[in-house]
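Protein sequence lines, in the order shown, are assigned to chains W and E.
Quick note on numbering: the first sequence equals residues 1 to 274 in the working numbering.
Quick note on numbering: the second sequence equals residues 1 to 274 in the working numbering.
No wet-lab data here; the hints were simulated from the structure.
Note that this is a predicted model, so its numbers are computed, not measured.
One or more hints might be untrue.
Partial selection, computed: residues in chain E whose CB lies under 8 angstroms from chain W [stated by the list, open to error]:
| hint | residue |
| --- | --- |
| 1 | Pro117 |
| 2 | Gly166 |
| 3 | Val167 |
| 4 | Gly168 |
| 5 | Lys171 |
| 6 | Gln173 |
| 7 | Leu178 |
| 8 | Gly179 |
| 9 | Arg187 |
| 10 | Val189 |
| 11 | Pro192 |
| 12 | Ala193 |
| 13 | Trp269 |
| 14 | Arg272 |
In this text, a Cβ means the ideal position worked out from N, Cα and C, and glycines have one as well.
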Amino acid sequence: MATADGTGRPPKVRFEQVSKRFGQGADAVQALEPLSLDIAQGEFTCLLGPSGCGKSTLLNILAGFEQPTTGRVLMDDQPVRGPDPRRGVVFQQGALFTWMNVHDNVAFGPLATGKPAAEASRIAARYLEMVGLTAFARRYPYELSGGMQQRVGIARALANDPEILLMDEPFAALDAQTRELLQEEIRRIWQDTRKTVLWITHSIDEALFLATHVVVMSARPGRIKAGFRPGFAQSADPAVVASPEFARMKAQIFGLLREEALAAQQQESQVNER
Amino acid sequence: MSNALHTAPNTAPRKGRSRWINLASFGVLLLLWFLITAPLAGNNPLVAPLFLPSPMSVWTTFLQLMQNGYQGKTLGHHVGISLMRFGLAFALTVLVAVPLGLWMGMNETVKAVLDPPIEISRPMPKLALLPLLIIWFGIGEVAKIVIIVLALFPILSISAMQAVRGVGRRKVQAAMALGASRTMIFRRVIFPASLPGIFTSIRVSIGIGVTMLVGAEMIATNAGIAYMAMSASDFLLTNVVIVGALIMAVLGYALDLLARALENKVVHWGGREG
């Protein structure tokens, strides 16, 4: 299901018949069915789907952490061959360098990509300011709350000025209030920088609030089930979530996801019976 | 890890209280020792001085040893030579076994080559090799140092390897996505992330190393604190034996404190996740 953005430009990212199978022989698990997807420059794409539907696998393949079993992924028409600083990754949790202070975490990328120490330090300061953590530059990750840690992770990924941000359920472990505040922050950062984003989430609200393109995936093996193009992300009005269109789209996606969640549950109980 | 308490608030007063209980427990033991060895109302003490001299007489013996030494050598000489043996063997093992273990953790081939000899030798009680080592190296310093190295080597190398393998995959992926080279990933991510595990094994090794030292010094030697205790036992100088045992205990404790202080300084984040 290629999604042309109507401008005729080549997509920033193109998944071409990408599939993924883990393991061998009888134990093999088909995580992804051959799947095609285009992501246009500047687009905010959210992948929604039940647990185990291969959303993270898709992201890991684009990040270069995993190789697809079949098919290929192109970025700017170049095949993805491995991790690359042009693609920044934000993880759910547990990916900060706990032995470095916040500043050194954020300066890591610029240093790794060959910037001199003084410049890396300036860059780190700039992104820490962007996420509101200037006062915590010398603190260590274990001294911060979960929400602050995720902001460090976001600043760290942004510090390389990547062309694409890959975010794997970055807010899943946070409480609802922190989560909402961070969603607004991400929206502001996206509206300012217009970076291409691929975002994985379980939350329909989050997807509708942030994304320009919501992709709903099926239960395992993952396929694309439907695509939506909500316009709420462009809005400056936080009350947009209370609008009737928002509610209508949410109900529609909810229905789709419910079918898939039930299918996923059935799969699991079958596995248990075996 | 000693940091488990940090996560719970409210432990400060409880910690103070346990310290008092620790002291009281220690005091009761000392009092008990005093009571069973004191001549009660002109009668003989409950335990004869040959088997257990009183605390005061042990203290007097300690002072005499400090002044006159033992068998023509000062107490400092005996302690010094024991520490020298331990320190040399320990430093040697850490400097060789830890890098080797790190290398085994990084490289499958190196692991495949080195794992079998280390694993086979691990359960063997190393003191059993001492007679053989005496045939090989004589009764000089070499046999004693080699026996300690043999005992500590498998512990330190295997735990360094396991520490590397336990480094969170996401941390390594994050570093790769930030553009870090293999060298930088090792130096700034894998090595520091392995340090808590390495320090734990270093502390375990101190206890085992001191035990091996005592074993080695009891056989065929003419200096060292365990030698002093062993030879005093031949002359039924129970006081000297006890002074020797207590000095060994204090040394072991002091070395552990030193290692713990170093650990708290170097791996201040402990095992705490960000």
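Hint-by-hint comparison with the structure:
no.: 1; hint: Pro117; in the structure: violated, 32 angstroms
no.: 2; hint: Gly166; in the structure: violated, 13 angstroms
no.: 3; hint: Val167; in the structure: violated, 11 angstroms
no.: 4; hint: Gly168; in the structure: holds, 6 angstroms
no.: 5; hint: Lys171; in the structure: holds, 6 angstroms
no.: 6; hint: Gln173; in the structure: holds, 5 angstroms
no.: 7; hint: Leu178; in the structure: holds, 4 angstroms
no.: 8; hint: Gly179; in the structure: holds, 3 angstroms
no.: 9; hint: Arg187; in the structure: violated, 11 angstroms
no.: 10; hint: Val189; in the structure: holds, 6 angstroms
no.: 11; hint: Pro192; in the structure: holds, 4 angstroms
no.: 12; hint: Ala193; in the structure: holds, 7 angstroms
no.: 13; hint: Trp269; in the structure: holds, 5 angstroms
no.: 14; hint: Arg272; in the structure: holds, 4 angstroms
Hint check: violations occur at hints 1, 2, 3, 9; the rest are consistent with the structure.
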